[in-house]
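Chain order of the listed sequences is A and B.
If you want this note's numbering, it's the 1-based position in the first sequence plus 1.
If you want this note's numbering, it's the 1-based position in the second sequence plus 14.
If you are wondering where the hints come from, they were derived from the structure by calculation, not from laboratory data.
Be aware that a few hints might be false.
Said to hold, decoys possible - One side of the interface only, derived from the structure: several residues of chain B facing chain A at Cβ under 8 Å: (1) W164; (2) V188; (3) I191.
All C-beta atoms in this analysis are idealised placements derived from N, C-alpha and C, irrespective of residue type, glycine included.
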Amino acid sequence: MKKFNNILALLLISLSVSAFSLEKADIIYTGGWFGLPYNLIGDLPLGHVGIFAGTELKDGKIKAVIIDCVPDYFKPGGIRKVSWKHFTHNFSYPYYGNRTTPQKPTQAQREAIVSMANSMLKPKAYSFTHESQKGPNKFDCVGFTEYLYEKVGLNPTPDDQDSGWGWPLTPSEQFYATVANTSEQNLSYINLIKKKDLNEYESLRNISVNYQSDIAVPQSWQED
Amino acid sequence: MVKKTILTALIFSMPALIWASSDNILSQLKSDPSNENLISQVSVFALEKEDFLNKVLEEMASPDNPSSYRCSLAKAVSATQKDIAYVKTAQLLARSGGDLEICLSKAVGDTKNPYASAALESNVEEFIYGSDKGGEKDIKKKIAAINSIWSLGEIGSKEVMEKLEKYYNGSDEVLRINIVFSMGKLKNNKVLPYLRKIAQNASESMAVRSAAYEMIDELEGK
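Same shape as in the complex, but just chain B:
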């Protein structure tokens, strides 16, 4: 009888317990945003409870919160693979700058966000063709552009090969090496011939050519 009572009490108090711990987890993550365990727990709660997911999306969008915390929330909700989470994260990337832009431009690649390609392309194009002209006046813009190239390779949408070819022709050596790495991740029959062309191009730098040879070996399973 006593056992039954305890069990019933526990069952009725479970939702409160879950809420308490899910609330608590956000404040824990805020003070330790790189903690992968906490990110996973937030993700589990967001998957199970729509209210909690909405709360996380609100926290993620709030400019009052630190960038590292907002980015961790983006990774957590994106791991749920829910459309709303992907869309909100892609929208946040499109209007972000500085540290948040750097972090999100990598996070959307890690989570293969299918809605992020346009924002990533915009990052790269603003950097290459914008007032910095691919220079390093603002190193954070360059890092965000590099992360964006990396993520485009991870997401691997249909049109990305064409975009990467275009960027290759207007980029410095650092970006070109990253473009080669990203091309090597694509499942596209244009990749190998293009990489061979880069590898054999005597006008190209040895560093980029070495990257191309290495990606060709990867693709050929050597």
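Okay, chain A solo, but in the shape it has when bound:
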């Protein structure tokens, strides 16, 4: 039994290593103001969008590198290079995930997006009126990511949704037009594995299987 658990542990760890995860040039999202799904900003309560530019080693620690565009009065403001803390506005909004175009960018396109984003860093670059959402000089957060992708020949949001003069290109529309860059197998991430966890994992798998059979859908799943 112990041998079986060890084999299962190794299998799960190898699956976790091979599973997709956040990649350079993925478009990343946070929740938004008040968490409300406004008509104005679209169906989902998305607030902010940026480009994941990879990670770097600093003082022996792994640091996320995120390039985004925010109002000039932010510190830092404009097109800036930050990590999780600033991207989530001091951890005040949840992280909603990483997405990319349905036609996934090649490695060369990913490198080009990040390199271009790095070359555009400047403190005053935000379009408060959203009239020049996609640049070339002033942007908003979603327009900035759209601009970078379009420059390498990819189009995250269909053109009939981004008029170029401002709304209605919303983070929510871009979120729906793109696809999650994750693997369906991600559930197999069991990284701090212990025997106890393995047993728990097996019992959780059983719960999953049971849910697929004839158990009534919980009331809280129904549309309110």
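Following the hints, complete the assembly by docking chain B onto the known chain A.
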């Protein structure tokens, strides 16, 4: 004498004026549910007048009202910090779905609702272990689960660290990053050793490890 009469008239008409404006404020909020000023005003009225609080709770519970309006009412009454408001909001979260569930699962964290933990845990567990198995067949369920993890961190009940550890082991990368952020908000002596373990785990993705390193820095005041 004239002054006295006007003053007396004003004093006697005040309750009517308050009612009129408190009534009016609900219809204003219904048409502009994201207006923070209106939410604050509803909260003040609810704090001052029990009748008004009950009316708001009724409006909040009514499925005939739009989700965004109901969620704004939940935020307004929760800001009164009255037990009845917290309990009713937590009960509504437990039976809600779709947009209302997304919104309430964040609102109870914003207002640190002490009765919401069970409903939040249920959201996360239904998402991770339910028929979606943590996938994105219904993105709204995933967003509600993410908001729930965020709120569990904000509320920070005693048992939450244990729950977050359990969720970490069954979640995808997006949820794990949020779990790390929530752990970093807890006042629990298990947090730092656990985050260090994640940060140093070579099998973990670089994105999650970077989140763990950043939360460790936050906790250590760097």
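Checklist entry - When the nearest CB of chain A is found for V188(B), is that gap smaller than 8 Å? => result OK, holds: V188(B) within 8 Å of chain A, min 4 Å.
Next on the checklist: Tell me if the interface restraint on W164(B) is satisfied: Cβ within less than 8 Å of some Cβ in chain A.
Outcome noted: 4 Å, holds
Checklist entry - Does the nearest C-beta of chain A fall within a distance shorter than 8 Å of the C-beta of I191(B)? => result With Cβ-Cβ at 5 Å, under 8 Å, it holds.
Hint compliance for this structure: every hint is met.
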